[in-house]
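From just these sequences and the hints, can you work out the full model?
As they're listed, the protein sequences go chains U and E.
Numbering of the first sequence is given in my numbering, commencing with residue 1 and proceeding in unit increments.
Numbering of the second sequence is given in my numbering, commencing with residue 1 and proceeding in unit increments.
Since the hints were made in silico from the structure, they are not lab data.
Hints are supplied without guarantee of correctness; some may be wrong.
Given that identical chains are not distinguished, each listed pair holds provided it fits within a single copy or across any two copies.
Claimed, not checked - Below 20 Å or equal to it, Euclidean Cα-Cα: the simulated SDA-like pairs (lysine to any residue) are: (1) LYS58 - ARG38; (2) LYS98 - ASP33; (3) LYS98 - ARG26; (4) LYS101 - ARG59; (5) LYS101 - LEU88; (6) LYS98 - ARG36; (7) LYS98 - TRP49; (8) LYS82 - GLN37; (9) LYS82 - ASP97; (10) LYS101 - ARG36.
Since the structure is predicted, the reported quantities are computational estimates derived from the model, not experimental observations.
Number of protein chains: 2
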Amino acid sequence: MQETLLDWSDQERDVARRVFDLAYQREIDSLIDVVRQRSGSLSSVESVWDLHDYLSCKRHEMDGRFDFRLANLLFVFASLVKEGVVRLDELEGLSNDKLAKIGALSSM
Amino acid sequence: MQETLLDWSDQERDVARRVFDLAYQREIDSLIDVVRQRSGSLSSVESVWDLHDYLSCKRHEMDGRFDFRLANLLFVFASLVKEGVVRLDELEGLSNDKLAKIGALSSM
Numbered sequence: 001m002q003e004t005l006l007d008w009s010d011q012e013r014d015v016a017r018r019v020f021d022l023a024y025q026r027e028i029d030s031l032i033d034v035v036r037q038r039s040g041s042l043s044s045v046e047s048v049w050d051l052h053d054y055l056s057c058k059r060h061e062m063d064g065r066f067d068f069r070l071a072n073l074l075f076v077f078a079s080l081v082k083e084g085v086v087r088l089d090e091l092e093g094l095s096n097d098k099l100a101k102i103g104a105l106s107s108m
Numbered sequence: 001m002q003e004t005l006l007d008w009s010d011q012e013r014d015v016a017r018r019v020f021d022l023a024y025q026r027e028i029d030s031l032i033d034v035v036r037q038r039s040g041s042l043s044s045v046e047s048v049w050d051l052h053d054y055l056s057c058k059r060h061e062m063d064g065r066f067d068f069r070l071a072n073l074l075f076v077f078a079s080l081v082k083e084g085v086v087r088l089d090e091l092e093g094l095s096n097d098k099l100a101k102i103g104a105l106s107s108m
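Pasting the structure below:
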């Protein structure tokens, strides 16, 4: 499953970068929506610290997930597809082999 | 400056507890206002992590500050008076000696 720089054509790298950035923006937009909703219903110190814990968790998760190394990218996309952040057809332009791997991994 | 349990009358302990709880609630209300304002203007991932950093800082600060040990209470109140969270006259009911110490510390 290890992919090297040579395994990705220029076109594939462009597709990957575009979808990666798109997914990142979607995650940020979704996060901002959640923060706004939660901040509207803050009423106690516990609710403020719950929001803080949520942000700590999301930051850690996103720092770990959005790592644009080609060697790791099939797993990143599989995880994003599995969670509905990215659709498989948005990755059109990658080789059939890569799409098949991402599809298989995302259904595990 | 060390105060022991015996140095605080029942009335003084009641005053201290009431003002302490009031200050805590004021800090929470103020924090919730800030979080709501900031969440309304979130637009980027940096602004979300800035809010997270702010909450981390406030949580650490409040955990350290709101420590209801009588031995430490003059410093806590001096700090709250200095920052305008509590007015000195709200501490009426404490001995003149304690009020003088709090007033002096808060002006340092």
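Notebook entry, point to check: What label fits LYS82 with ASP97 when the C-alpha limit is 20 Å: within, between, both, or neither?
Noted result: within (18 Å within a copy, 66 Å between copies)
Next item on the list: Give the relationship of LYS101 and LEU88 under a CA distance limit of 20 Å: within one copy only, between copies only, both, or neither.
Entry: within (11 Å within a copy, 68 Å between copies)
Notebook entry, point to check: Between the shortest in-copy and the shortest cross-copy C-alpha distance, which are at most 20 Å for LYS98 and ARG26: within, between, both, or neither?
Noted result: Cα proximity of LYS98 and ARG26: none, with 23 Å in one copy and 56 Å across.
Notebook entry, point to check: For LYS98 vs ARG36, is the C-alpha pair at or below 20 Å within one copy, between two copies, both, or neither?
Noted result: Cα proximity of LYS98 and ARG36: none, with 37 Å in one copy and 44 Å across.
Next item on the list: Could you figure out if LYS101 and ARG59 sit no more than 20 Å apart (CA to CA) within one copy, between two copies, both or neither?
Entry: neither (27 Å within a copy, 44 Å between copies)
Check: When no copy is specified for LYS58 and ARG38, does a C-alpha distance of 20 Å or less occur within a copy, between copies, both, or neither?
Finding: Close inside one copy (14 Å) and across copies (18 Å); limit 20 Å.
Note to self: When Cα atoms must be at most 20 Å apart, do LYS98 and TRP49 count as within-copy, between-copy, both, or neither?
What the structure shows: So LYS98 and TRP49 fail the 20 Å test inside a copy (42 Å) and across (33 Å) alike.
Check: Should LYS101 paired with ARG36 be assigned to within, between, both, or neither, using CA atoms and 20 Å as the limit?
Finding: The answer is neither: 37 Å in one copy and 43 Å across copies each exceed 20 Å.
Note to self: One pair to classify: LYS98 and ASP33, alpha carbons no more than 20 Å apart. Within, between, both, or neither?
What the structure shows: neither (32 Å within a copy, 48 Å between copies)
Margin query: As a check of your reading, is LYS82 near GLN37 (CA-CA no more than 20 Å) within one copy, between copies, both or neither?
Written below: So LYS82 and GLN37 fail the 20 Å test inside a copy (25 Å) and across (34 Å) alike.
Checked against the numbered hints listed earlier, the structure breaks hints 2, 3, 4, 6, 7, 8, 10; every other hint is satisfied.
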